[in-house]
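Engineer: Chain by chain, the residues run as shown.
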Amino acid sequence: MKIAVCIKQVPDSEARLRVAADGRWIDEEELPFVINESDQYAVEEALTIAEQTGGEVVVISLGPERVREALRKALAQGASRAVHLSDPAFAGGDALATGRALAAAVRREEADLVLTGSQSSDLGYGATGSVLAGELGWPHAWLVMGVELDAAAGEVVFVREMEAGLNERARMPLPAVIEVQAGINTPRYASLKGIMQAKRKEIAAVGPGDLGLSPDRVGAAGSGLELLAIREPEASGEVEMLEGDAAEVARRLVEKLRTEARVI
Amino acid sequence: MPERIWAVPQLKGGALAPAGREALAAARRVAELLGGSAEAVLLHSGATAAREEIAALDLAAAHEADAAVFSSYTPGVWVGALAQAIAAHAPRVVILPHSYQTVDFLPRLAQELQAPLVPEAVSVRRGDGGLIWTRPVLGGKLLADVRARGEGPLLVSVQAGAFPADGVGAGDTPLSPLELDLDRLEPGRQVVGVEEAGEDQIDLSQAERIVAVGRGVGGEEKLGPVRELAEALGAELGASRPVIDSGWLPRDRQIGSSGQTVAPKLYLALGISGAIQHQVGMKGSQVVVAVNKDRNAPIFAEARYGVVGDLHEIVPELTAALRESG
Chain A
1 MKIAVCIKQV PDSEARLRVA ADGRWIDEEE LPFVINESDQ YAVEEALTIA
51 EQTGGEVVVI SLGPERVREA LRKALAQGAS RAVHLSDPAF AGGDALATGR
101 ALAAAVRREE ADLVLTGSQS SDLGYGATGS VLAGELGWPH AWLVMGVELD
151 AAAGEVVFVR EMEAGLNERA RMPLPAVIEV QAGINTPRYA SLKGIMQAKR
201 KEIAAVGPGD LGLSPDRVGA AGSGLELLAI REPEASGEVE MLEGDAAEVA
251 RRLVEKLRTE ARVI
Chain B
265 MPERIWAVPQ LKGGALAPAG REALAAARRV AELLGGSAEA VLLHSGATAA
315 REEIAALDLA AAHEADAAVF SSYTPGVWVG ALAQAIAAHA PRVVILPHSY
365 QTVDFLPRLA QELQAPLVPE AVSVRRGDGG LIWTRPVLGG KLLADVRARG
415 EGPLLVSVQA GAFPADGVGA GDTPLSPLEL DLDRLEPGRQ VVGVEEAGED
465 QIDLSQAERI VAVGRGVGGE EKLGPVRELA EALGAELGAS RPVIDSGWLP
515 RDRQIGSSGQ TVAPKLYLAL GISGAIQHQV GMKGSQVVVA VNKDRNAPIF
565 AEARYGVVGD LHEIVPELTA ALRESG
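Keeping their order, the protein sequence lines are chains A and B. For the first sequence, position 4 (counting from the first letter as 1) is numbered 4 according to this note's numbering, and the numbering increases by one without interruption. This note's numbering runs 264 ahead of the 1-based position in the second sequence.
Check before you lean on any hint, since a few could be wrong.
Selected chain A positions facing chain B (Cβ under 8 Å, derived; list incomplete) [claimed, not checked]:
no.	residue
1	Ala127
2	Ser130
3	Glu135
4	Glu161
5	Asn167
6	Met172
7	Ala182
8	Gly183
9	Lys193
10	Glu238
11	Ala246
12	Leu257
Think about it this way: if two alpha-carbon atoms lie no more than 20 Å apart in a straight line, the pair counts; the simulated SDA-like pairs of lysine to any residue are [as the list claims (entries may be wrong)]:
no.	chain 1	residue 1	chain 2	residue 2
13	B	Lys557	A	Glu243
14	B	Lys547	B	Ala496
15	B	Lys557	A	Arg18
16	B	Lys486	A	Ala246
17	B	Lys529	A	Arg262
18	A	Lys256	B	Ala499
19	B	Lys276	A	Glu163
20	B	Lys529	A	Ile264
21	A	Lys256	B	Lys276
22	A	Lys256	B	Glu581
23	B	Lys547	A	Glu14
24	B	Lys557	A	Leu242
25	B	Lys547	A	Glu240
26	B	Lys557	A	Glu234
27	B	Lys557	A	Ala246
28	A	Lys256	B	Ser589
29	A	Lys256	B	Glu588
30	A	Lys256	B	Ala584
31	B	Lys557	A	Glu14
32	A	Lys256	B	Lys486
33	B	Lys557	A	Ala247
34	A	Lys256	B	Gly498
35	B	Lys557	A	Met241
36	B	Lys276	A	Asn167
37	B	Lys547	A	Gly165
38	A	Lys256	B	Leu406
39	B	Lys547	A	Pro233
40	B	Lys557	A	Ala15
Note that these hints are calculated values from the structure, not bench results. Predicted, not measured: the structure shown is a model, and the values here were computed from it. We put the beta carbon where it would ideally sit given N, CA and C, even for glycine.
Could you put together the complete structure from these sequences and hints?
Structural biologist: Set out below in structure tokens:
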């Protein structure tokens, strides 16, 4: 079984973010980047299934040069090959444009199963994996908490998170797209051997032409959504900030909770 | 013919879910901005209560499809039915609540129609070149303004609480049947069953005081002083999702959209950035105190008192101050 994992590289959630000078995105200079959280779990799930079925994992990512670092990490964890949608034409896509590009890469790999995270922590569309599935005409499931292959039936059985503490158990035929929720497994660390081996593994850089796509169908040009500006939310003005050394702040806070808010 | 602005409300137990009413209010708002007509689309199976509720609202029209295939959700049926309806009636904007269910199928509908999708909108205004929608990015630390190309249809999901339900008043909405070819609908998955996610849950919904920790706590081994603070306050311990996913606290301590919803008198948020998924679980708290290293963390917008600093320094001092004065 050939499994494709689609990952995204995103700013570290702990990093301090600054709006870039043009006001359209954040300043990426010196910003630390990591593999998007739910995508890390998708990589682990793919490696586990590949081990169980004797299959292989191909990791796919779209983005600038820095993305090679994320791909290299997944290779060190055990993926066999990587595909990097590196052409600048891919940049600035909405979920439709990015899903279209990733679907073309998956089609070229002739994968039987796609795993990806449910949502990126930067743009947060929560849509790209489902669009990818639609492009391929495959069934999909979003916010998946557990995956099992039923090889005999040619199906995948999954548990999907619903609201209010309920989970839905369902099955769908392969090939399919599974979008995993963070926390569904324990992602492995790369071994030293894995890190060494990863240096020799292939990262294939591809452009729209390699995927049979016209450049105006991908990236910003192929998107239905334009990102005009980003900004900091307006402060509500209601919060009272307490400043000073820790002991002083603690004493004043306790006093306020007791006499002003009257909640202790 | 004025442009049609559709809302597809979600139902709960055969009645309109609160988020469903908010989607109707959002459609009403967009109809005002564009000079269009706000209409509801109801996919249901014998949901008499929801029909009556919609009929008593001030909307231009409601289109309903009442069929057994809508008695439980599958993505294929919802995508297929809405794609048919949209093709037949050509609405300019289609608005749904932003929920785990709609996020499961809305991107598929967008792909099928090749229609732009604005997920999780929090506000809308009229700008140059059409509607400008605002949505959170980067975990809610920043807001993005986006605009859709083309003449529609545009698909939008609206964040809970962003468009108050009272935005649509009382009136007399005519209901008419939606013509659909039900034989063409394919579910896309076979649902085997629905199960409870957790076993014996600790009920945090009745707690008067909650000390909640987020990723910023840094590790299970660092929870000791937090537990002492909770004890000094007579508070229950809660957590945001990353803490649970990392295994630092059991899942029955999770607060947020996939955990418990709480409404204590005091909610002390330690190292929690306050992503929307967390906020929906604690919005009902009377007094929120936020301690976070990052002044831009969204949790401060929910807080009455805020401290920018290291929770590991503040927490022991708080415990000491409580013991001293108590």
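Engineer: Determine for every hint whether it applies to the structure shown.
Structural biologist: Taking the hints in turn, this is what the structure says about them:
1. Ala127: Nearest chain B Cβ about 4 Å off; hint holds.
2. Ser130: Given a least distance of 4 Å, the restraint on serine 130(A) holds.
3. Glu135: holds, 6 Å
4. Glu161: With a closest approach of 6 Å, the glutamate 161(A) hint holds.
5. Asn167: Asparagine 167(A) check passes; min Cβ-Cβ to chain B is 5 Å, inside 8 Å.
6. Met172: holds, 4 Å
7. Ala182: holds, 5 Å
8. Gly183: holds, 3 Å
9. Lys193: For lysine 193(A), the interface hint is violated, since the closest Cβ of chain B sits about 26 Å away, which is over 8 Å.
10. Glu238: Constraint on glutamate 238(A) satisfied, holds at 7 Å.
11. Ala246: With a minimum Cβ separation of about 4 Å from chain B (threshold 8 Å), the hint on alanine 246(A) holds.
12. Leu257: holds, 7 Å
13. Lys557(B) <-> Glu243(A): holds, 12 Å
14. Lys547(B) <-> Ala496(B): violated, 24 Å
15. Lys557(B) <-> Arg18(A): Given that 20 Å is the threshold and the Cα spacing comes to 16 Å, the pair holds.
16. Lys486(B) <-> Ala246(A): Given that 20 Å is the threshold and the Cα spacing comes to 18 Å, the pair holds.
17. Lys529(B) <-> Arg262(A): holds, 9 Å
18. Lys256(A) <-> Ala499(B): Distance of about 17 Å is within 20 Å: holds.
19. Lys276(B) <-> Glu163(A): Since the Cα atoms of lysine 276(B) and glutamate 163(A) sit roughly 12 Å apart, the hinted pair holds (cutoff 20 Å).
20. Lys529(B) <-> Ile264(A): holds, 9 Å
21. Lys256(A) <-> Lys276(B): With a Cα-Cα distance of about 41 Å, the restraint between lysine 256(A) and lysine 276(B) is violated, given a limit of 20 Å.
22. Lys256(A) <-> Glu581(B): Judged against 20 Å, a Cα distance of about 15 Å means the pair holds.
23. Lys547(B) <-> Glu14(A): Given pair lysine 547(B), glutamate 14(A) is violated - Cα atoms ~23 Å apart, limit 20 Å.
24. Lys557(B) <-> Leu242(A): holds, 13 Å
25. Lys547(B) <-> Glu240(A): holds, 18 Å
26. Lys557(B) <-> Glu234(A): Roughly 19 Å between the alpha carbons, so the hint for lysine 557(B) and glutamate 234(A) holds.
27. Lys557(B) <-> Ala246(A): holds, 13 Å
28. Lys256(A) <-> Ser589(B): holds, 12 Å
29. Lys256(A) <-> Glu588(B): holds, 15 Å
30. Lys256(A) <-> Ala584(B): holds, 15 Å
31. Lys557(B) <-> Glu14(A): Roughly 10 Å between the alpha carbons, so the hint for lysine 557(B) and glutamate 14(A) holds.
32. Lys256(A) <-> Lys486(B): Since the Cα atoms of lysine 256(A) and lysine 486(B) sit roughly 27 Å apart, the hinted pair is violated (cutoff 20 Å).
33. Lys557(B) <-> Ala247(A): It holds: about 17 Å lies between the C-alpha atoms, which stays within 20 Å.
34. Lys256(A) <-> Gly498(B): holds, 17 Å
35. Lys557(B) <-> Met241(A): holds, 13 Å
36. Lys276(B) <-> Asn167(A): Between lysine 276(B) and asparagine 167(A) the Cα gap is close to 16 Å, so the pair holds against 20 Å.
37. Lys547(B) <-> Gly165(A): It holds: about 18 Å lies between the C-alpha atoms, which stays within 20 Å.
38. Lys256(A) <-> Leu406(B): violated, 30 Å
39. Lys547(B) <-> Pro233(A): Judged against 20 Å, a Cα distance of about 17 Å means the pair holds.
40. Lys557(B) <-> Ala15(A): Satisfied, since the Cα-Cα distance of roughly 11 Å is no more than 20 Å.
Of the numbered hints given earlier, the model fails hints 9, 14, 21, 23, 32, 38; all others are met.
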